[in-house]
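Visitor: Sequence:
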Amino acid sequence: MELEKDVIQIIDERYPKMSKSHKAIARFIKEDYDQAVFMTAAKIGEKLSVSESTVVRFASGLGYDGYPEFQKKLAEWVKNKLNVVQKVSSKYGKSTQSEILRSVLTADMEKISDTLHTMDPVAFDAAVNVILNAKTIYIVGIRSCEPLADFLSFYLNMIRGNVVLLRTTSVSEMFEQMIRIDEKDAVIGISFPRYSMRTLKAMEFATDRNAKVISITDNVHSPMCLYSSCNLFARSDMVSIVDSLVAPLSVINALVVALCLRVPEEVKKNLELLETTWNNYQVYLNDEINFIDEEPMLNYPLTKEK
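Sequential numbering of the sequence shown, starting at 168, is according to our numbering.
Treat the hints with care, as some may be off.
[Claimed, not checked] The calculated SDA-like cross-link candidates involving lysine to any residue, where the alpha carbons are at most 25 Å apart (straight line), are:
{"no.": "1", "residue 1": "K210", "residue 2": "I177"}
{"no.": "2", "residue 1": "K197", "residue 2": "S186"}
{"no.": "3", "residue 1": "K197", "residue 2": "E313"}
{"no.": "4", "residue 1": "K239", "residue 2": "D173"}
{"no.": "5", "residue 1": "K172", "residue 2": "R402"}
{"no.": "6", "residue 1": "K190", "residue 2": "V223"}
{"no.": "7", "residue 1": "K187", "residue 2": "R347"}
{"no.": "8", "residue 1": "K239", "residue 2": "E313"}
{"no.": "9", "residue 1": "K302", "residue 2": "E313"}
{"no.": "10", "residue 1": "K190", "residue 2": "T374"}
{"no.": "11", "residue 1": "K368", "residue 2": "L229"}
{"no.": "12", "residue 1": "K184", "residue 2": "L229"}
{"no.": "13", "residue 1": "K190", "residue 2": "T335"}
Bear in mind the hints are in silico, worked out from the structure with no lab data behind them.
The task is simple: from the sequences and hints, build the whole structure.
Guide: Here it is in structure tokens:
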């Protein structure tokens, strides 16, 4: 028996086909659900400068019999979300610290294993080619995905130039940072449940401008796939009160290594330039680790060419 979809899943699925005003309501519901759950249709309409009837039609468009039913379902979703800590307490409440450590790490290892077996190597190879050939790479990851975006941006800047990490708290600012994007560029969007509307809007904008779009997300049902022609799937679900990001990080790490091995001379040149700069400006002391040596790049046991 298929589980009933919650209100946020329904919004995610129907978002691409919504009107402009309905998309604005959807973004508000997802990003400010703690406020929206207590607001009438008229109040939401007033806040977003749309009519009350538009908000009611939005609820009906999701399949609900009017706004009251929609609000009830939203309240149920919020309640379930806030009960996560209680659920975790019930699961781990009588466990020792070492048992919790073992349980969480075991679950993380399972996620990496599942990701390894479900990853599409063709999509992975395509992502590497897109990243190498794009004029400018834009990276977007919001909320819990922001550290992943930071990590990828840091290493891509060492591998190639023209990498833009989108940092913003609003969709309008994001568009301003992407205003020059075109078919020669690429966007890497990173998002997992609960999916970020800002990330989806950035990918939609990139698609409209004919840019290449790569998604790093959880599965084929992710709304990210609607705007991406190259999807890298990594498991990320709740094992505690936070999302597990180990599998997505491993996928990103694999991307970085693959890119380094495609352009090793360029990477070495960039690292040597960085080290020279650090030495000239005394950024690091002499006892810091030397990045440039005869060992395999990134310390991976890779066979050297003869």
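Visitor: Does each hint hold? Answer for all of them.
Guide: Hints versus structure:
no.: 1; hint: K210 with I177; result: holds, 22 Å
no.: 2; hint: K197 with S186; result: holds, 16 Å
no.: 3; hint: K197 with E313; result: holds, 18 Å
no.: 4; hint: K239 with D173; result: holds, 11 Å
no.: 5; hint: K172 with R402; result: holds, 20 Å
no.: 6; hint: K190 with V223; result: holds, 14 Å
no.: 7; hint: K187 with R347; result: holds, 23 Å
no.: 8; hint: K239 with E313; result: violated, 32 Å
no.: 9; hint: K302 with E313; result: holds, 23 Å
no.: 10; hint: K190 with T374; result: holds, 17 Å
no.: 11; hint: K368 with L229; result: holds, 20 Å
no.: 12; hint: K184 with L229; result: holds, 11 Å
no.: 13; hint: K190 with T335; result: holds, 19 Å
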